[in-house]
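Numbering-wise (my numbering), the sequence shown opens with residue -1 and increments by one.
One or more of the hints may lead you astray.
[To be verified] Pairs of lysine-lysine residues, derived as DSS-like cross-links and limited to a Cα-Cα distance of at most 27 angstroms, are as follows:
id : residue 1 : residue 2
1  : Lys172    : Lys60
2  : Lys235    : Lys246
3  : Lys183    : Lys60
These are calculated hints, taken from the structure and not from any lab test.
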Amino acid sequence: MALAFATRPGLDSHRVSPVLDAARVARLASPSPGRATHGACRGIAVRASKDDDSLFRPRRSKAVAFAQFMTGVALRFSVWRARLKREARNVMNPLEQEQPDYNLNVLPLLLPVRPAGKGEYSVSTKLWRKTVYWARLHNRLTANKVGDSEITGKVVVLGGGAFGTAMAAHLARKGNPVVLVMRDKLVRDYINTKHINPRYLSEFDLPLNLRASTQAAAELADCKALIVAVPVQSSRKALEAVAQYVPKGIPVVALSKGLELGSREFMCDLIPHALGRSREENPVVVVSGPSFAKEIMDQRPTAVVAASADPAAASVVQRLLMSPYFRVSTTDDVVGVEIAGALKNVLAIAAGMCEGLGLGMNAMSALICQGTAEIRWLATAMGAKPETLAGLAGIGDILLTCFGTLSRKRTLG
-1 MALAFATRPG LDSHRVSPVL DAARVARLAS PSPGRATHGA CRGIAVRASK DDDSLFRPRR
59 SKAVAFAQFM TGVALRFSVW RARLKREARN VMNPLEQEQP DYNLNVLPLL LPVRPAGKGE
119 YSVSTKLWRK TVYWARLHNR LTANKVGDSE ITGKVVVLGG GAFGTAMAAH LARKGNPVVL
179 VMRDKLVRDY INTKHINPRY LSEFDLPLNL RASTQAAAEL ADCKALIVAV PVQSSRKALE
239 AVAQYVPKGI PVVALSKGLE LGSREFMCDL IPHALGRSRE ENPVVVVSGP SFAKEIMDQR
299 PTAVVAASAD PAAASVVQRL LMSPYFRVST TDDVVGVEIA GALKNVLAIA AGMCEGLGLG
359 MNAMSALICQ GTAEIRWLAT AMGAKPETLA GLAGIGDILL TCFGTLSRKR TLG
């Protein structure tokens, strides 16, 4: 019920007396063309009910617009700061700007110099020549298999974090059309207009054939591969939301490392359960190894492992990801790769604590050595291969996470 107040002539506007004119109140409260219903009219002020939300919408829309504007300013400032830091690093270390000409997927091609006259080759020289001959034969046999991807269509990367952005940029550089599916519309628009991720790795430009989207259903309809770069604890919810849109038969690549709390499942088990599919319908390939997202964006030499129970799917993902600076090996030991990727984070936190306490490198090295041995014992007891823990997914990732200056887990410790 509205309450009307009449202002007496000559009195202050705040000194009012109630006028119980129901007809007049009803006439003023009812909306009509050309009549204002929110303020005083002919000496009568009508206070609207709080149930009428229309009066508060302009103020709320202005607040939302101001919040969006400030968010955009913060994003632009973060990009500017990241680029300024990168320029400072380039000035201090000019070698970081150079892109050396190398190919991690080519074995040695140079033969030792033939000795003058009739001299005999030494044992080491003979062994080296034999190695190079076999390397050349291997390169000829695999030249048309490794590096030429079978997937030429669209690749969808689920998750716009640091590693998802780095992997999406890596695939886009190879020529694949890549879509980065995320939730933040402001970041999506920034990526599509500026070709920069303002939240992660903003000091790098993204390829033009990489775009961002918030419409997972439309993007997944015709994709040829799905890469999951969502944190493990959020992966089940994210995959269940898009399960009905994921095409059958495409490989699902898991970049996240860890164990889901509650279910205690690794990504190789979590993904089929979340999608409601069997491993034959959508084979899961786990990619792990010593790989910082920032160095992948900077095209630094990187080697990882693609593990899957389906050798054909692992081979497809290998060819999809492999490039001159990105080497991919394959294995069927999914358990060993998953366990090493999950437990190395605990070891990295302990290594960071060891450094923070000032215990020295002796103690840190002993800690990492003992922790690696315990990870190997647990992994082999669960059916993993010991050689997996001695490879890239095991000791390689442990060394990077425990000693690398870019390691977040080490910094946390």
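Regarding the pair Lys235 and Lys246, is the alpha-carbon distance no greater than 27 angstroms? OK: Lys235 and Lys246 at ~19 angstroms, within 27 angstroms.
Hey, Lys183 versus Lys60, does the alpha-carbon distance stay inside 27 angstroms? Measuring from Cα to Cα gives roughly 19 angstroms; hence the hint holds.
Need the status of pair Lys172, Lys60: alpha-carbon distance at most 27 angstroms? This hinted pair is violated, its Cα atoms lying about 44 angstroms apart.
The structure does not agree with numbered hint 1 stated previously, though it agrees with all others.
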